[in-house]
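Make a model of the complete structure from these sequences and hints.
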Amino acid sequence: MKLVFYSGGHEEDNLDLDDECFDLIDSPNPTFAFIPSSSYDGESEFRSFVRHYQRFGVTRFLYFPVDVPQDNVFLKEVFKSDLIHMGGGNTYYFIKYLRARGLFSFLKEFAIKGGVLSGLSAGGILMTPNINTAGYPEFDKDDNEEGVQNFKALNLVKFEFFPHYRNSIRFDRELLYQSTQTGNPIFALPDGSGIVKFEDTMKFIGRAFCFSKGTKTLICS
Amino acid sequence: MCEGCYNAKCTMTRLKKNPRPKTKEDGQFRPNSRTYSKFKKIDGRHPFQNNTIDSYLPYYARKRHGGEVLVFNFALAKEMGLIPDGHPDKMTKELERSILDTFAIVIINEYDQINEISYPEEDIKPYPFMATRYLQLQHPNKQGKTSGDGRSIWNGCHMGKGKLWDISSCGTGATSLSPATHIQKKFFQTGDPTISYGCGYAEVDEGLSTLFFSEILNKNKVKTERVLGVLKFKDGYAITIRVHDNLIRPSHMFNHLKQGNYDALQAMVEYYIDRQEQNGSWQNVPKDKKKRYDFFLARQIEVFAKTAAKFEDEYIFCWLDWDGDNVLMDGGIIDYGSVRQFGLFHADYRFDDNDRFSTSITEQKNKAKYTVQTFAQIADFLKTKERKPLGEFATGQWSESYEECYVKAKLSNLLYKSGFKKETRDEILVKDSDLVMRYLKTFSYFERAKSVLGPKKVNDGITWDAIFCMRDILRELPQMLLVRGESINRTEFLEILKSSYATEEDLAMTPYRKKRIDEFQECYWELIRVAATYERLTVNKVLLNITMRSSVINKYDRVTGDSITTITDMLMEKLGSLTPDRIYKLLNDFSEYQNLDPNDDRDLDKGQLQKSKLMRGFLQVVRDYREGL
Chain H
11 MKLVFYSGGH
21 EEDNLDLDDE
31 CFDLIDSPNP
41 TFAFIPSSSY
51 DGESEFRSFV
61 RHYQRFGVTR
71 FLYFPVDVPQ
81 DNVFLKEVFK
91 SDLIHMGGGN
101 TYYFIKYLRA
111 RGLFSFLKEF
121 AIKGGVLSGL
131 SAGGILMTPN
141 INTAGYPEFD
151 KDDNEEGVQN
161 FKALNLVKFE
171 FFPHYRNSIR
181 FDRELLYQST
191 QTGNPIFALP
201 DGSGIVKFED
211 TMKFIGRAFC
221 FSKGTKTLIC
231 S
Chain D
767 MCEGCYNAKC
777 TMTRLKKNPR
787 PKTKEDGQFR
797 PNSRTYSKFK
807 KIDGRHPFQN
817 NTIDSYLPYY
827 ARKRHGGEVL
837 VFNFALAKEM
847 GLIPDGHPDK
857 MTKELERSIL
867 DTFAIVIINE
877 YDQINEISYP
887 EEDIKPYPFM
897 ATRYLQLQHP
907 NKQGKTSGDG
917 RSIWNGCHMG
927 KGKLWDISSC
937 GTGATSLSPA
947 THIQKKFFQT
957 GDPTISYGCG
967 YAEVDEGLST
977 LFFSEILNKN
987 KVKTERVLGV
997 LKFKDGYAIT
1007 IRVHDNLIRP
1017 SHMFNHLKQG
1027 NYDALQAMVE
1037 YYIDRQEQNG
1047 SWQNVPKDKK
1057 KRYDFFLARQ
1067 IEVFAKTAAK
1077 FEDEYIFCWL
1087 DWDGDNVLMD
1097 GGIIDYGSVR
1107 QFGLFHADYR
1117 FDDNDRFSTS
1127 ITEQKNKAKY
1137 TVQTFAQIAD
1147 FLKTKERKPL
1157 GEFATGQWSE
1167 SYEECYVKAK
1177 LSNLLYKSGF
1187 KKETRDEILV
1197 KDSDLVMRYL
1207 KTFSYFERAK
1217 SVLGPKKVND
1227 GITWDAIFCM
1237 RDILRELPQM
1247 LLVRGESINR
1257 TEFLEILKSS
1267 YATEEDLAMT
1277 PYRKKRIDEF
1287 QECYWELIRV
1297 AATYERLTVN
1307 KVLLNITMRS
1317 SVINKYDRVT
1327 GDSITTITDM
1337 LMEKLGSLTP
1347 DRIYKLLNDF
1357 SEYQNLDPND
1367 DRDLDKGQLQ
1377 KSKLMRGFLQ
1387 VVRDYREGL
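Protein sequence lines, in the order shown, are assigned to chains H and D. Using the numbering used here, the letters of the first sequence map in sequence onto residues 11 to 231. Using the numbering used here, the letters of the second sequence map in sequence onto residues 767 to 1395.
It is worth saying that the hints were derived from the structure and are not from the lab. Computed from a prediction, not measured in an experiment: that's the story for all the values here. Possibly wrong hints are sitting among the right ones.
Claimed, not checked - So the derived label-pair ranges between C-beta atoms look like this:
1) H:229 to D:1367: 35 to 41 Å
2) H:85 to D:1224: 30 to 36 Å
3) D:1224 to H:118: 42 to 48 Å
C-beta: ideal position from N, C-alpha, C; glycine also.
See below:
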């Protein structure tokens, strides 16, 4: 599988990660599909997405909001893309509609068959076993206004992903505690950092920390 | 130890949290004595009173107590220069007082005078307000001698930001120009519960739906009256404050024309022309009278041809008729009672107005043309002082100009909806109009296709379901072509295009339909190629640009009349718990979300979506009703 996790930040902060991401793509003329977390302002995010990746020579793009119904023709086309990028936003809202539209199996199959699946923040969390990290810390969590109760996510990796991490006591306190409540390591990354998972290898770009069983470890500086 | 350490228990430098800098939103804004002084000048006086003849009835008014501001349109007030630009979008006590002092009024009408009802002297406003006269088809008198503002008065005007704005209020009491007065041959007491529309009051939900609908259409460059605010009173009724830069309707002229009143007609037309010039809407207006009326006619031809095309292409149902009552002179929408925006081209929907059915959306073009025919009669009358029968103006240069302008507008609108940018549209229209015409024909074939199930009744009229959603194909086709580099197959084309109204029979792949699908894509490709030539870009780059523009223009969820009605119902249920600021925030965010102009940078508050259950409910309603009426 080819998975890329973006923590967040400005486009220019993620150029190294983008380079790594492009190394995973086989096609010389790839198609990139963008799935926003919500269609509310999805078109603006799509524009930003296009402008950013045009700089890398990509010319073919698809825009696929999942909180509105889509026809099968378009859906099939999206899952023929070379890369599908899931945007940031409210994780609960995002997962609610991904599940409601039955897209979990499509996304898993896409990843298993060798498509590059990338996710920013909420989009990254969705690739992990569950979306628990969206629910803490109290001062910086997503609101579960949708009343989502099933927190199981795509389960494409065996770790949890904590984006927008800041190296501070209050983040650490929460993450250290949460790491004792889960059997998975939690990778906490500040904006501009990311993870590239290719088959059995995993590469960290930028600073990354691991919280596991009550301890914090610097993985990459 | 600090960043990067392995031991989380080490001491880290604790950053001191600085207080967030206060903004005007946080309470720094302090109104002074001049902040709301402009409201005081809105006192009934209006240049209309001195520059027209026999065109209004004056009414004194008194304060109406027990009112509160339900919502105030801060953006519009700033656009008008009525409040300072830096004013926060928050209701202050002083602002509420100014709004109520200015707009919470009720007229002292004929019933009050006949029955010698007296009111406290201090409650009576110093200047009379006017109820304007205009033609209305629902009145027994078909010359406009008895009709006009039945439950509205004009509050006055406001000069701000280089424009003179007209301000009127709906729900300010029963005037003698309402149909009820003349059908029942008596004057009504304001608020008389035995009669609904004729009682002179307005409903809260009317005001809110007009507010939401008009703001959305305004954001999408559709000319319309706008709502400055809605006041609510203890008896449950409302006053809706309406604003436009020129509130004159064709019917303000047609009454004088029907009555053969040359002087009154001339005064009204001159007043209108002057206002258009004063506001900068018209430039280079001739001084010579005859040339002036030719100029007037030419502008009105253009306005109504473009308006008819715009309404049709945006699926706006606005009941245009011979009286010229439901539209402003500049083509703006007024009176949202029967206005709708359809999700699909429901060409056969007709509103049931008890004793008659309305026009359909396809008939609007000829109704608009008939209005222009009346303008041609007016221009001739003013030039010759001889009022010739309307039938004599059935044909002529004006008619050819109207048709030409209408077709041009249709072609331009289609290119816009398809995602072409302005410079490219202009060049294509000049050099490739035959191609665009072919594209329009094949586009219209799908757009106007109707269900085999035939006509059916709906809540407020009749309809015949359209079966294809053109917005979907315009949104998805450029993406599919971009990715594949070739046309999609016919089955895929119909799969994208079909609406929820389409039955299996509706979707039959007949030989004729196959031909049309092929034609559509051929035209589309050809347009992309010529655009690529004009823009000096690759075909892929043009398709990508169109993809991005079209994803906004043809956004999946666009409001319809039914969705506005449902959203208003939701608001009404929550009204008790909503502050004016909260309603305004909802209005602002919702109308911004429905801003489908690809050239605008929208200012959306994503937090609003996450935190507001009501807002999320609105969005769901828009989705649920997106293909309806």
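Satisfaction of the hinted span 42 to 48 Å by the C-beta atoms belonging to residue 1224 of chain D and residue 118 of chain H: 44 Å, holds
Range agreement (Cβ of residue 1224 of chain D with Cβ of residue 85 of chain H, hint 30 to 36 Å): Distance hint for residue 85 of chain H, residue 1224 of chain D holds at roughly 32 Å.
Outcome of range test on Cβ distance (residue 229 of chain H, residue 1367 of chain D; 35 to 41 Å): 39 Å, holds
In terms of the numbered hints stated before, the structure departs from none.
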